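Please work from the sequences and hints to get the whole structure.
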Amino acid sequence: MQTEDRYDDLSALFEAQDEALQNEAFVERVMQPIRKRSRWRAPLLFGAGGLGIGAALSQMGGLFDVVNARAARLSQSVGEVQVQAQFWDGLGVDPLWFGAIAVVVISCAAIVATERA
Amino acid sequence: MRTDSDLARDAASGEEVAFETLVRRHHGAVRGVCHRLARHAAEADDIAQAAFLTAWRKIGGYRGGSFKAWICTIAYREFLQARRKQKPEVEFDESAHIIAFDTSAARLSDQMDLDRALKTLPENQRICVVLCVASGLSHSEASAATGFPLGTVKSHVSRGVAALRKQLAAENVA
Chain A
24 MQTEDRYDDL SALFEAQDEA LQNEAFVERV MQPIRKRSRW RAPLLFGAGG
74 LGIGAALSQM GGLFDVVNAR AARLSQSVGE VQVQAQFWDG LGVDPLWFGA
124 IAVVVISCAA IVATERA
Chain B
59 MRTDSDLARD AASGEEVAFE TLVRRHHGAV RGVCHRLARH AAEADDIAQA
109 AFLTAWRKIG GYRGGSFKAW ICTIAYREFL QARRKQKPEV EFDESAHIIA
159 FDTSAARLSD QMDLDRALKT LPENQRICVV LCVASGLSHS EASAATGFPL
209 GTVKSHVSRG VAALRKQLAA ENVA
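Note that the protein sequences, when read in sequence, are chains A and B. This note's numbering puts the first residue of the first sequence at 24, with every later residue one more than the last. This note's numbering puts the first residue of the second sequence at 59, with every later residue one more than the last.
Errors might be hidden in some of the hints.
Said to hold, decoys possible - List time: in silico DMTMM-like cross-link candidates among lysine to aspartate or glutamate, alpha-carbon distance up to 25 angstroms:
id	chain 1	residue 1	chain 2	residue 2
1	B	LYS116	B	ASP171
2	B	LYS177	A	GLU51
3	B	LYS212	A	GLU38
4	A	LYS59	B	GLU78
As the list claims (entries may be wrong) - In silico contact screen, one side only, chain A against chain B (beta carbon under 8 angstroms); selected entries:
id	residue
5	GLN40
6	ASP41
7	ARG52
8	MET54
9	VAL127
10	SER130
11	CYS131
Unchecked claim - Residues from chain B shown here face chain A by an in silico Cβ test under 8 angstroms; the list is partial:
id	residue
12	ARG82
13	HIS93
14	PHE110
15	THR112
16	GLY205
17	PHE206
18	LEU208
19	LEU222
Since the hints were derived computationally from the structure, they do not count as laboratory data. No experiment lies behind these values; they were computed from the predicted model shown. All residues carry an ideal CB built from backbone N, CA and C; glycine is no exception.
Okay, here's the thing in structure tokens:
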């Protein structure tokens with residue numbers, strides 16, 4: 024700021040004007056729509072996400088039985104990829120539902136992460 | 059007292075109370091910028107409100123430095139957007155809700171002189187004076203906000219300040 028002009032006299036006059044413009048009614052006017060939006064946003068977002076996850080889970084009846092049966096096997100080799108494919112068949116679940124869950128979760132995360140970026 | 063940066067960080071994580079404190083601290087300055095740039099008080103308050111709502115959405119993008127300069131830059135951009143949308147022949151709505159301001163504590167005659175003097179400046183000069191002198195932006199920040207070259211901003215501020223001083227001095231003598 025050393026190279027910039029000094030204009031403290033005028034700045035003081037502008038500051039006095041700004042102080043005169045302070046008004047609680049304006050603060051309320053700004054905050055009202057923000058509070059209103061926040062009230063419905065979180066329930067709506069998490070409600071929609073919850074519905075999506077609930078719908079997906081309802082399609083995965085056999086999941087936990089199969090997971091329990093295979094829990095001892097903690098590592099798998101590349102050669103077992105085909106076995107994994109059979110795993111999905113064994114569940115009787117359309118893998119599309121897992122994709123749907125991923126989309127819902129990623130979408131919710133993206134909304135939350137970017138809305139005030 | 060919590061700093062603006064602390065409050066902005068908390069606001070970015072969704073804390074409305076932190077943002078409200080920032081609004082309370084800076085709304086005078088933001089309304090001031092808008093009143094100096096816009097044609098009417100009601101329009102100025104609409105722009106100031108829009109600036110704060112944009113700031114709430116973009117608060118995660120605040121990277122420190124002067125919060126006042128950051129929010130005043132947003133207010134200036136909102137002013138430009140509002141002006142682009144305006145039709146030239148639009149009549150001022152006299153019935154629009156205007157939030158009054160308290161003049162009792164301020165130096166009313168000085169303010170009126172200042173307003174009058176400011177209005178006589180060419181628009182680009184007035185913009186640079188409002189951003190740099192009234193809102194505290196550096197010349198570089200004003201250059202980034204307005205898109206004017208740095209040298210142009212310096213020249214506008216220098217001439218604008220000189221013209222304001224000259225007019226205020228003349229009015230005080232008269």
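Okay, the hints, checked on the actual structure:
no., hint, result
1, B:LYS116 with B:ASP171, "violated (36 angstroms)"
2, B:LYS177 with A:GLU51, "violated (30 angstroms)"
3, B:LYS212 with A:GLU38, "holds (21 angstroms)"
4, A:LYS59 with B:GLU78, "holds (14 angstroms)"
5, GLN40, "holds (5 angstroms)"
6, ASP41, "holds (4 angstroms)"
7, ARG52, "holds (6 angstroms)"
8, MET54, "holds (5 angstroms)"
9, VAL127, "violated (21 angstroms)"
10, SER130, "violated (18 angstroms)"
11, CYS131, "violated (14 angstroms)"
12, ARG82, "holds (5 angstroms)"
13, HIS93, "holds (7 angstroms)"
14, PHE110, "holds (4 angstroms)"
15, THR112, "violated (11 angstroms)"
16, GLY205, "violated (19 angstroms)"
17, PHE206, "violated (15 angstroms)"
18, LEU208, "violated (11 angstroms)"
19, LEU222, "holds (6 angstroms)"
Of the numbered hints stated above, those contradicted by the structure are hints 1, 2, 9, 10, 11, 15, 16, 17, 18, listed in ascending order.
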